[in-house]
Amino acid sequence: MALLDGGAVSVPFEVLKRVTRNRKYDIEAAEEILRSIETDAGSQGSPSSPAAVATREQAIERLAQHEDALQRLKASLEDISEVEGRELASCQARLQHLRNLGPAPKEGQVEWNRRRIDTLLVDHMLRSGHNRAAKALAAEAGIQALVELPMFDTAESVAQPLYAHSCRQALAWCEAQRVRLRKAKSKLEFKLRVQEFVELIRAGQQLEAIAYARRHLAPWAPQYMPELQQAATLLTFQAGLEIEPYKQLLDNARWLDLIDLFLQELYRLNSLPPTSLLLIHLQAGLSALKTPQSLADNCCREDPLHLPAFRTLAEGLPFAKHVHSKLMCALSHTLMDEHNPPAALPNGYVYSQKALADMAAANGGRITCPRTGFSCDLSELRRVYVS
Numbered sequence: 001m002a003l004l005d006g007g008a009v010s011v012p013f014e015v016l017k018r019v020t021r022n023r024k025y026d027i028e029a030a031e032e033i034l035r036s037i038e039t040d041a042g043s044q045g046s047p048s049s050p051a052a053v054a055t056r057e058q059a060i061e062r063l064a065q066h067e068d069a070l071q072r073l074k075a076s077l078e079d080i081s082e083v084e085g086r087e088l089a090s091c092q093a094r095l096q097h098l099r100n101l102g103p104a105p106k107e108g109q110v111e112w113n114r115r116r117i118d119t120l121l122v123d124h125m126l127r128s129g130h131n132r133a134a135k136a137l138a139a140e141a142g143i144q145a146l147v148e149l150p151m152f153d154t155a156e157s158v159a160q161p162l163y164a165h166s167c168r169q170a171l172a173w174c175e176a177q178r179v180r181l182r183k184a185k186s187k188l189e190f191k192l193r194v195q196e197f198v199e200l201i202r203a204g205q206q207l208e209a210i211a212y213a214r215r216h217l218a219p220w221a222p223q224y225m226p227e228l229q230q231a232a233t234l235l236t237f238q239a240g241l242e243i244e245p246y247k248q249l250l251d252n253a254r255w256l257d258l259i260d261l262f263l264q265e266l267y268r269l270n271s272l273p274p275t276s277l278l279l280i281h282l283q284a285g286l287s288a289l290k291t292p293q294s295l296a297d298n299c300c301r302e303d304p305l306h307l308p309a310f311r312t313l314a315e316g317l318p319f320a321k322h323v324h325s326k327l328m329c330a331l332s333h334t335l336m337d338e339h340n341p342p343a344a345l346p347n348g349y350v351y352s353q354k355a356l357a358d359m360a361a362a363n364g365g366r367i368t369c370p371r372t373g374f375s376c377d378l379s380e381l382r383r384v385y386v387s
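In the UniProt record's numbering, the protein residues as written are 1 to 387.
Don't read these hints as lab results, they were simulated from the structure.
Just so it is clear, the structure is predicted and the values come from calculations on it, not from any experiment.
For every residue, glycine included, the Cβ atom is placed at its ideal position computed from N, Cα and C.
Keep in mind that the hints are not guaranteed to be accurate.
Stated by the list, open to error - Heads up, simulated BS3-like pairs for lysine-lysine below, C-alpha to C-alpha not over 27 Å straight-line: (1) Lys-17 with Lys-74; (2) Lys-185 with Lys-17; (3) Lys-326 with Lys-354; (4) Lys-17 with Lys-135; (5) Lys-74 with Lys-24; (6) Lys-183 with Lys-24; (7) Lys-183 with Lys-17.
To be verified - Across the chosen pairs, the derived CB separations fall in these ranges: (8) Glu-140 with Glu-244: 43 to 53 Å; (9) Lys-183 with Thr-275: 17 to 27 Å; (10) Pro-161 with Phe-237: 23 to 33 Å.
All chains, please: the whole structure from these sequences, using the hints.
Put into C-alpha cells, the structure is as follows:
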C-alpha cells in the first residue's frame, strides 16, 4: 500500500520545486534591477548642465520602467507564496496520510477503508474527465488535499480545446514546460505542430502550411526527419487522400491520440502512474483470484471474475500462484478439510458434509442440489478424497 500511495506526495512536491526555482529567478531579477538603479544613481553628472537635465529625464524614465518591473516581480512572488502555502499544506496532509497507512484498527476499519476508497474514486473520476463529480466527492469526503484537483483543472483546460481541434492551449502548456519536456525527450510539441500543419493543408492553405513548416517544423528535422517528410508529402495531394500512411495524418482520430499523449506526459512529469490507482488496485486483487476455473463457463457466481467487466480488467494478468489448493463449499462458503470433508451427490456436484447434513436436517433427510435441483437422500452421498 505504501508503494502505491507513495506517489501521492509527488505532485505537490514537483510543484514546490518549480515555484521555488521561479522564486529564485524572480529574486535574482529584482537584485539585477536594484544594481541597475544603483549604477544609474552613481553616474549622474553636474545637476545644472543641459546634459545632466537630459540624463535626469532618462533616469526618471528608467526608474519608472524599473518600478513597473519590480511591481510585476512583486505580484509574481505573491502568487508564488500563495502556491507554496497551498502545496506545503497538501504535502503535510499527504505525509500524514502516508503515516496512517498500515493495518486498519478494528474499531475504525470502516472509516479507514472509506477514506482510501474515496481517494481512489476521485483519482479515477479525474482521469476519466468527470472533474465536477470528483470535486463534489472530494469536498464531501474532506480529501481535497489528498487529490490532484488543480492539476486536473489544468489538464481539462488543455484537453477541451484539443477536443475542439485547437492546439493553442496545448502549445502554450508545452512552452511553459519546455525544459522538462526536452529532458523527458517528449514528442508532444512536435506532434502538435504537425497537426497544425495538417489542418492548414486540410483547409487548402498550402502557402500558409509551407510558411508554418519553415518556422515551426524545420527545427525538429534532426530528430524526426522521416515523420516530417511524410507530413510534407501531403502538400502534393488533395485533402481526403485514401493512401496509407497519409490517410492517417488526415484522420480526425489523431486528435484523440494527442489528448492521450498530453495526459501521459502530464502524468509522467508529475511522477504519476499512467493508469488510475483504482484500476491498479483492482488488477492486483484480481490477479490474486484469477485461476483457470475463473474463466470457465461454469465459474461460480461468488468469483468476481464471472462478471464480464472484471474479466476484461483481468486480461493479460497472470494466474494466481497457489502452492496448496483449498476447497471451499459453495453452500456454506467454508473450508472443506479433514474436519469438514467434501461429499459428492450422485449427480457429481460436491459440497461439504456439514452443509449437506444441515440441509438434510432441515428437510426431512432430503438434499437438493442448489445448482441443478437434483434431490436425493443423505444416505446416497459418497465421501470424496482429495489427493
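Each hint, compared with the structure:
no., hint, verdict
1, Lys-17 with Lys-74, "holds, 19 Å"
2, Lys-185 with Lys-17, "holds, 20 Å"
3, Lys-326 with Lys-354, "holds, 17 Å"
4, Lys-17 with Lys-135, "holds, 25 Å"
5, Lys-74 with Lys-24, "holds, 13 Å"
6, Lys-183 with Lys-24, "holds, 21 Å"
7, Lys-183 with Lys-17, "holds, 16 Å"
8, Glu-140 with Glu-244: 43 to 53 Å, "holds, 50 Å"
9, Lys-183 with Thr-275: 17 to 27 Å, "holds, 23 Å"
10, Pro-161 with Phe-237: 23 to 33 Å, "holds, 28 Å"
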